Amino acid sequence: MRRPIFDIHGSRRGLWMKFVYVFLRHITYLITASIVALSIFGVQGKTWDSRQCIGWTLLQLVSNQVITIVVEGILVFRICAMYNRNKWILIVISILYAGVAVTMAVACFLSVPNAKWTPQCLVTDVPPIYGSYWCYISSQNLGQYSILFSLMRDGTWAYAMMFG
Numbered sequence: 028m029r030r031p032i033f034d035i036h037g038s039r040r041g042l043w044m045k046f047v048y049v050f051l052r053h054i055t056y057l058i059t060a061s062i063v064a065l066s067i068f069g070v071q072g073k074t075w076d077s078r079q080c081i082g083w084t085l086l087q088l089v090s091n092q093v094i095t096i097v098v099e100g101i102l103v104f105r106i107c108a109m110y111n112r113n114k115w116i117l118i119v120i121s122i123l124y125a126g127v128a129v130t131m132a133v134a135c136f137l138s139v140p141n142a143k144w145t146p147q148c149l150v151t152d153v154p155p156i157y158g159s160y161w162c163y164i165s166s167q168n169l170g171q172y173s174i175l176f177s178l179m180r181d182g183t184w185a186y187a188m189m190f191g
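Numbering-wise (the working numbering), the sequence shown opens with residue 28 and increments by one.
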C-alpha cells in the first residue's frame with residue numbers, strides 16, 4: 028500500500044488543519060445567517076447614513092474575503108503537499124497567494140468609500156474607473172475567447188496543478 032507524503036489528520040501537527048475545515052464548514056452559514064438577520068430586522072423603516080453603509084458593505088466584503096483567503100490557503104497547502112514541500116514551488120505559490128490577498132484588500136478598501144448608496148444601503152453608483160479598468164484589462168488578452176472562458180480558465184489553475 029502506498030504511503031501518503033505526509034498525514035495532516037493523524038498527528039498533532041494537523042490539528043490546525045482540522046480547525047480550518049471546521050471553521051470553513053460553519054462560518055459560511057453563520058455569516059450568511061447574521062447578514063440575513065441584520066437585513067431583515069435591522070433596516071425595517073430605518074434610514075442609514077453613508078458611514079453606516081460603508082460599515083455594512085465592509086462587513087460583507089471582509090467576510091467574503093476571509094472565506095476566500097482560507098479556501099485558497101488550503102489549496103496552497105495541498106499544492107505544497109503534492110510537490111513534497113518543494114522550496115521553490117512554496118516560494119512562488121506563497122508570493123502569488125500574498126499578492127491575491129493584498130490585491131483583494133486594497134480593492135475593497137479603495138472602492139467602498141467612493142460608492143454611493145440609497146438610505147437603505149443599496150449601492151447606486153460606483154466609481155466608473157473600476158468597471159472600465161476591469162473590462163479593459165479583461166479584453167486585452169482574450170483574443171478569440173470570451174470573458175467567461177477566460178474566467179473559467181483562470182479560476183481553475185489550482186485544480187490543474189493538483190490533478191495535472
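Treat the hints with care, since some could be wrong.
Claimed, not checked - Okay, the calculated beta carbon distance ranges per label pair:
{"hint": "1", "residue 1": "L123", "residue 2": "I94", "range": "25 to 33 Å"}
{"hint": "2", "residue 1": "Q79", "residue 2": "I116", "range": "42 to 50 Å"}
{"hint": "3", "residue 1": "I122", "residue 2": "L65", "range": "14 to 22 Å"}
{"hint": "4", "residue 1": "I116", "residue 2": "V63", "range": "37 to 45 Å"}
{"hint": "5", "residue 1": "A128", "residue 2": "T59", "range": "19 to 27 Å"}
{"hint": "6", "residue 1": "W115", "residue 2": "T145", "range": "45 to 53 Å"}
{"hint": "7", "residue 1": "D76", "residue 2": "N111", "range": "52 to 60 Å"}
{"hint": "8", "residue 1": "V119", "residue 2": "S61", "range": "31 to 39 Å"}
{"hint": "9", "residue 1": "A134", "residue 2": "L65", "range": "34 to 42 Å"}
{"hint": "10", "residue 1": "Q147", "residue 2": "N91", "range": "19 to 27 Å"}
None of these hints come from the bench; they were simulated from the model.
Note that the structure is a prediction, hence the values are computed from the model and not measured.
All residues carry an ideal CB built from backbone N, CA and C; glycine is no exception.
Evaluated hints:
no., hint, in the structure
1, L123 x I94: 25 to 33 Å, "19 Å, violated"
2, Q79 x I116: 42 to 50 Å, "45 Å, holds"
3, I122 x L65: 14 to 22 Å, "37 Å, violated"
4, I116 x V63: 37 to 45 Å, "41 Å, holds"
5, A128 x T59: 19 to 27 Å, "22 Å, holds"
6, W115 x T145: 45 to 53 Å, "51 Å, holds"
7, D76 x N111: 52 to 60 Å, "54 Å, holds"
8, V119 x S61: 31 to 39 Å, "37 Å, holds"
9, A134 x L65: 34 to 42 Å, "24 Å, violated"
10, Q147 x N91: 19 to 27 Å, "21 Å, holds"
This entry does not satisfy hints 1, 3, 9, going by the numbered hints stated previously.
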